Amino acid sequence: VIAVESYVGRHGGHEGVKLEQQVLITASGHEILSTYPFDRRLVGA
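Each residue of the sequence shown is one higher than the one before, counting from 5 in our numbering.
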């Protein structure tokens, strides 16, 4: 299991958002373990 994290904010700024997914890696592929959905406004979708 690994945690894939990203942080989006201005360099040197005081505000931002951190997004994280828990992912299980196996010999046959991967499976996302996180169950809480992202707010689509935060991921640009």
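If you're looking for bench data, these hints aren't it; they were derived computationally from the structure.
Note that the coordinates shown come from a computational prediction; the quantities given were computed from them, not determined experimentally.
No residue lacks a Cβ here, since even glycine has one placed at the ideal position from N, Cα and C.
Among these hints, one or two may not hold up.
[Unchecked claim] Simulated restraints, written as ranges between beta carbons of each label pair:
{"hint": "1", "residue 1": "Glu9", "residue 2": "Arg44", "range": "17 to 23 Å"}
{"hint": "2", "residue 1": "Gly16", "residue 2": "Pro41", "range": "27 to 33 Å"}
{"hint": "3", "residue 1": "Arg45", "residue 2": "His18", "range": "15 to 21 Å"}
{"hint": "4", "residue 1": "Ser38", "residue 2": "Gly16", "range": "28 to 34 Å"}
{"hint": "5", "residue 1": "Ala7", "residue 2": "Arg45", "range": "28 to 34 Å"}
{"hint": "6", "residue 1": "Arg14", "residue 2": "His34", "range": "30 to 36 Å"}
{"hint": "7", "residue 1": "Ile6", "residue 2": "Val47", "range": "18 to 24 Å"}
{"hint": "8", "residue 1": "Thr39", "residue 2": "His15", "range": "27 to 33 Å"}
{"hint": "9", "residue 1": "Asp43", "residue 2": "Gly17", "range": "15 to 21 Å"}
Structure-based check of each hint:
In this structure the hint that Glu9 and Arg44 lie 17 to 23 Å apart at CB holds, the actual value being about 19 Å. A C-beta distance of roughly 30 Å is found between Gly16 and Pro41, which places it inside the suggested range of 27 to 33 Å. For Arg45 and His18, the Cβ-Cβ distance of about 20 Å falls inside the hinted range of 15 to 21 Å, so the restraint holds. For the pair Ser38 and Gly16, the beta carbons lie near 29 Å from each other, so the given range of 28 to 34 Å is met.
Between Ala7 and Arg45 the CB atoms are about 22 Å apart, so this pair departs from the stated range of 28 to 34 Å. A beta carbon spacing of about 31 Å between Arg14 and His34 agrees with the range 30 to 36 Å that was offered as a hint. Between Ile6 and Val47, the C-beta spacing of about 19 Å keeps the proposed range 18 to 24 Å intact. Between Thr39 and His15 the C-beta distance comes to about 32 Å, which sits within the given range of 27 to 33 Å.
At roughly 20 Å, the beta carbons of Asp43 and Gly17 sit within the given window of 15 to 21 Å.
This entry does not satisfy hint 5, going by the numbered hints stated previously; all others are met.
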